[in-house]
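> Sequence:
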Amino acid sequence: MFIIFRKSLDEDSVPDDWKSANISPIFKKGNRNIADNYRPVSFTSLICKMFESIIRDAIVRHLEDNSLLRDSQHGFRKGRLCLTNLLTFMDKVTGYLDSGVPVDTVFLDFAKAFDNWYRTVGWLSNWNPRGKLLQWIVAWLSNRKQRVCINGTKSSWQLVLSGVPQGSVLGPLLFFIYINDLDDGIVNSILKFADDTKIFGAVSDLAQHHQLQDDLNTPLQWSQDWQMLCHVDRPKCKVMHFGHNNLKLDYTYWTTRLCRRYTRRRNWVLSFPTT
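Numbering (numbering that gives the first Met the number 0), first residue to last: 0 to 274.
Take the hints with a grain of salt, since some may be wrong.
[Said to hold, decoys possible] Pair ranges (Cβ atoms, derived):
#	residue 1	residue 2	range
1	R69	S141	25 to 31 Å
2	A206	N36	40 to 46 Å
3	Q220	S52	33 to 39 Å
4	K247	M0	55 to 61 Å
5	N36	G78	18 to 24 Å
6	D70	W221	43 to 49 Å
7	G29	V186	32 to 38 Å
8	V137	L45	35 to 41 Å
9	L45	D204	54 to 60 Å
[Claimed, not checked] Listed next, the in silico DSS-like pairs over lysine-lysine satisfying Cα-Cα at most 25 Å (straight line):
#	residue 1	residue 2
10	K91	K237
11	K247	K197
12	K48	K197
13	K247	K91
14	K131	K6
15	K18	K153
Read the hints as simulated data drawn from the structure, not as lab findings. All residues carry an ideal CB built from backbone N, CA and C; glycine is no exception.
Please model the entire structure based on the sequences and the hints provided.
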């Protein structure tokens, strides 16, 4: 096994079988006749997954040792989990509320996984895992093919023109790198668990409200620039107002083609009075 891995890395070559995936559509929710309501999980070579694990551990060690990943990311990292994300959030929010300061939180939900993996490779080259390792990742992502398998029936093979296979070992890590700079320019607090993101801060006056709106505009502009639009129509994308003296002001989401507004409708905004 070591000889196979070593040869693949030295020659920047990935066998075609390692780049072929059987797609199993996993139903999420909603109308079963709509393709978007299914998650396309890729079943790939187990041998390749072993090699991916070795590469992932090496990259993570490099990123963690050099503090290259933002502290806001709590998803799938050593010593961090959903609980640490929630505890950090609760600690900051309750600190404000105990001081009598209202807080607004905006939850963002990205519409889909990232497609532009060239950007991730660019970041990796800047962070210095160069040479054979970076070239192998490019070879692993390039010229992939997949087919859909349902109840023993298989579709024809199709080339994958973009994206990273869901269900791969390297996929989550490459995604973290992709959204790592989502925090840039944000003044208030931001927390992420994989792609689930929340931005929050004190809103005791109009100036602080405008600052939070500016902070919201930053990742929304980022999502347009890098083709990962937010699903503002979904329940996970909402505003929460904390504090009995909260002004409960609106936040807007502007795109180049339309304007969507977060309103104080019951399904968009929840209000929690302080005790």
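> Hint by hint, say whether it matches the structure.
How the hints compare with the structure:
Checking the proposed 25 to 31 Å range against R69 and S141 shows it holds: the Cβ atoms sit about 28 Å from each other. One distance hint, 40 to 46 Å for the beta-carbon pair A206 and N36, holds here, with the actual separation near 42 Å. A hinted range of 33 to 39 Å holds for the C-beta pair Q220 and S52, which are about 35 Å apart. The hinted range of 55 to 61 Å is satisfied by K247 and M0, whose Cβ atoms lie roughly 60 Å apart.
About 34 Å separates the C-beta atoms of N36 and G78, a value inconsistent with the hinted range of 18 to 24 Å. The supplied range of 43 to 49 Å is broken by D70 and W221, whose beta-carbon atoms lie about 18 Å from each other. Look at G29 against V186: about 36 Å separates their beta carbons, and that is inside 32 to 38 Å. Judged by the Cβ atoms, the range 35 to 41 Å given for V137 and L45 is violated: they are separated by roughly 22 Å.
A hinted range of 54 to 60 Å holds for the C-beta pair L45 and D204, which are about 57 Å apart. The suggested pairing of K91 with K237 holds, with an alpha-carbon distance near 19 Å, which does not exceed 25 Å. The suggested pairing of K247 with K197 holds, with an alpha-carbon distance near 17 Å, which does not exceed 25 Å. At most 25 Å may separate the alpha-carbon atoms for a hinted pair to count; K48 and K197 exceed this at roughly 32 Å.
At roughly 19 Å between alpha-carbon atoms, K247 and K91 fall within 25 Å of each other, so this suggested pair holds. Simply put, K131 and K6 have alpha-carbon atoms about 11 Å apart, close enough for the 25 Å limit, and the pair holds. Restraint check for K18 and K153: satisfied, since their Cα atoms lie roughly 17 Å apart, inside the 25 Å limit.
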